[in-house]
Amino acid sequence: MSAISISKESLKSIMQSKDTMVSKGVVMTGNKNEAIENVAGITKTLSIQLKPSNLSIKTFQFFKWLLPPVFGILLLLAIWTLISYQSPNLPGPLKTWHSAIQLFSDPFYDHGPNDMGVGWNILASLQRVALGFGLAALVGIPMGFIIGRFEFVARMTAPVISLLRPVSPLAWLPIGLLVFQAANPAAIWVIFISAVWPMIINTAVGVSKVPQDYMNVAKVLNLSEWKVVTKILFPFTLPYMMTGVRLSIGVAWLVIVAAEMLTGGVGIGFWVWDEWNNLNVEHIIIAIFIVGIVGLLLELALTQIAKRFSYE
Amino acid sequence: MEKVEKANAEKYVQLENVDMTFTTKKGTFNALNNINLSIKEGEFISIIGHSGCGKSTLLNLIAGLLQPTEGLLFCAGREISGPGPERAVVFQNHSLLPWLTCYENVYLAVERVFGVSSKSRESKAQLEARTHAAIELVGLSHSENKHPNEISGGMKQRVGIARALAMEPKVLLLDEPFGALDALTRANLQDELMKIMAKSGCTAVMVTHDVDESILLSDRVIMMTNGPSAGIGEILEVNLPRPRARLDLAENKDYNHLRGEVLRFLYERHAKKAA
Chain A
25 MSAISISKES
35 LKSIMQSKDT
45 MVSKGVVMTG
55 NKNEAIENVA
65 GITKTLSIQL
75 KPSNLSIKTF
85 QFFKWLLPPV
95 FGILLLLAIW
105 TLISYQSPNL
115 PGPLKTWHSA
125 IQLFSDPFYD
135 HGPNDMGVGW
145 NILASLQRVA
155 LGFGLAALVG
165 IPMGFIIGRF
175 EFVARMTAPV
185 ISLLRPVSPL
195 AWLPIGLLVF
205 QAANPAAIWV
215 IFISAVWPMI
225 INTAVGVSKV
235 PQDYMNVAKV
245 LNLSEWKVVT
255 KILFPFTLPY
265 MMTGVRLSIG
275 VAWLVIVAAE
285 MLTGGVGIGF
295 WVWDEWNNLN
305 VEHIIIAIFI
315 VGIVGLLLEL
325 ALTQIAKRFS
335 YE
Chain B
2 MEKVEKANAE
12 KYVQLENVDM
22 TFTTKKGTFN
32 ALNNINLSIK
42 EGEFISIIGH
52 SGCGKSTLLN
62 LIAGLLQPTE
72 GLLFCAGREI
82 SGPGPERAVV
92 FQNHSLLPWL
102 TCYENVYLAV
112 ERVFGVSSKS
122 RESKAQLEAR
132 THAAIELVGL
142 SHSENKHPNE
152 ISGGMKQRVG
162 IARALAMEPK
172 VLLLDEPFGA
182 LDALTRANLQ
192 DELMKIMAKS
202 GCTAVMVTHD
212 VDESILLSDR
222 VIMMTNGPSA
232 GIGEILEVNL
242 PRPRARLDLA
252 ENKDYNHLRG
262 EVLRFLYERH
272 AKKAA
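Just so you know, the protein sequences line up as chains A and B, in that order.
Take 25 as the starting number for the first sequence in this note's numbering and just add one per residue.
Take 2 as the starting number for the second sequence in this note's numbering and just add one per residue.
The hints are all genuine.
Straight-line alpha carbon distances no greater than 27 Å define the calculated BS3-like cross-link-like pairs of lysine-lysine that follow:
id, chain 1, residue 1, chain 2, residue 2
1, B, K41, B, K196
2, A, K243, B, K147
3, B, K254, B, K196
4, A, K88, A, K331
5, B, K27, A, K233
6, B, K12, A, K243
7, B, K26, A, K233
8, A, K243, A, K233
9, B, K41, A, K243
Honestly, the hints are just simulated from the structure, not real lab data.
Modelling step: build the complete structure from the supplied sequences, incorporating the hints.
Following this line, the structure appears as structure tokens:
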């Protein structure tokens with residue numbers, strides 16, 4: 025009967041509190057046993073309330089999960105602040121922050137082609153990446169399939185791919201400018217040529233790794249080439265393909281900044297170069313963060329898509 | 002004409018002087034040497050032997066997944082030139098496609114066999130009915146919409162059997178179908194396979210390394226000598242009446258005699274040297 029080790033005063037407060045379900049009358053008029061049972065019931069509900077709730081455990085775990093990344097970012101800011109004290113030309117985090125607030129208060133202004141808001145510049149870059157990357161996927165994935173499926177094609181393309189793949193993306197820019205006679209298609213061309221390799225190679229590896237068991241099933245069932253591709257090769261290769269796509273989007277976003285610095289026009293890369301010419305260092309630092317965050321978001325989005333399509 | 006058909010029934014599947022030599026990096030390897038075998042229509046044949054004796058190679062030859070170096074193979078009077086749906090295979094590791102549900106796995110086979118040929122092309126409803134029937138035959142209707150990784154090993158093998166049977170093959174080829182299963186599940190599936198085979202009456206060739214399984218299920222047990230250059234050592238006729246019941250056979254004299262024969266072949270006359 026330790027459950028009733030409760031002082032009279034606290035019992036009173038329990039009876040008076042609105043949460044208490046037991047009405048005063050029952051305790052007063054009922055027999056002793058009943059009253060004891062009631063009190064035991066009340067203490068039971070009390071003890072449940074006293075335990076740490078599910079919610080608080082979850083919040084605790086959330087903070088435990090959040091702490092290391094927050095520390096990492098604080099460390100970065102600290103180092104940045106330290107360096108900015110040493111070098112007077114480099115603005116510190118606070119100064120950059122104020123500048124960012126000002127910048128993002130009106131990201132979509134348009135004062136002619138040479139002075140547009142940062143939002144327009146980001147969108148212009150994303151559009152180029154989407155075009156170059158989309159074309160690369162359209163070419164690279166089917167090509168990867170063909171290379172993975174046919175030994176002859178694989179051996180035919182191997183030297184070409186090995187030769188062209190290590191070439192720095194920007195080395196392709198002059199060729200693009202020469203062929204297309206315009207800056208914008210040349211930038212898209214650079215994105216295309218640098219994004220296409222990971223997709224070709226990963227898709228081809230995936231196709232060549234299809235287990236012989238599955239191919240035996242296809243042979244015994246006498247499946248048509250179309251069924252083999254759609255029911256066996258494609259589903260099996262999809263995770264490999266998505267790895268290629270993720271690597272490609274990373275490369276594409278990496279290259280666009282450099283390409284736009286050279287081609288000019290509207291775009292985040294050109295914007296960086298423009299701000300350098302204006303000696304607006306805060307904006308350059310902001311651009312670095314923008315490029316990083318957009319890249320991260322693109323990667324996250326594709327990882328989510330990849331998860332959605334994975335059969336495992 | 003009748004004579005030809007009768008001859009075909011007697012020699013439904015026929016292997017003539019089959020030789021199989023693999024070319025590997027280390028040189029050539031003669032797996033099978035001069036195999037001659039005739040299988041009657043509706044017969045259940047087991048191929049037993051120590052591992053590495055080429056019994057799976059023999060099955061793959063009948064399936065058409067391999068081409069013999071020398072010799073000829075026939076099925077229903079026609080030369081076997083490649084894999085085909087009239088010779089369905091139940092693979093040892095089930096080989097279900099993990100991204101398709103059990104139903105879709107079976108449907109893929111049904112669709113190919115009955116939904117494509119222009120002569121007797123069946124409607125979608127008919128194909129679906131066939132698929133459901135095949136899954137029901139192996140008792141898996143309740144989980145036909147599950148993916149292979151959601152069901153047990155025994156259930157996966159059942160789906161593999163359903164897929165093979167749904168094609169209404171002339172010959173069912175089983176490559177150690179229950180090898181990866183625990184003893185209890187294996188016994189269960191053996192009993193079910195016996196019932197299913199009695200119902201469908203199709204010819205079957207099963208590769209196994211389980212002596213009891215080979216006798217319980219088959220009409221003849223083909224015992225292979227050890228490789229390389231393995232051949233057919235002895236053929237054992239299993240004259241036990243059907244339907245066979247596992248428990249009755251445990252005490253059966255004939256059964257135990259047959260069992261002794263296979264064991265003596267495997268462990269006395271053709272014992273494998275300790276590897």
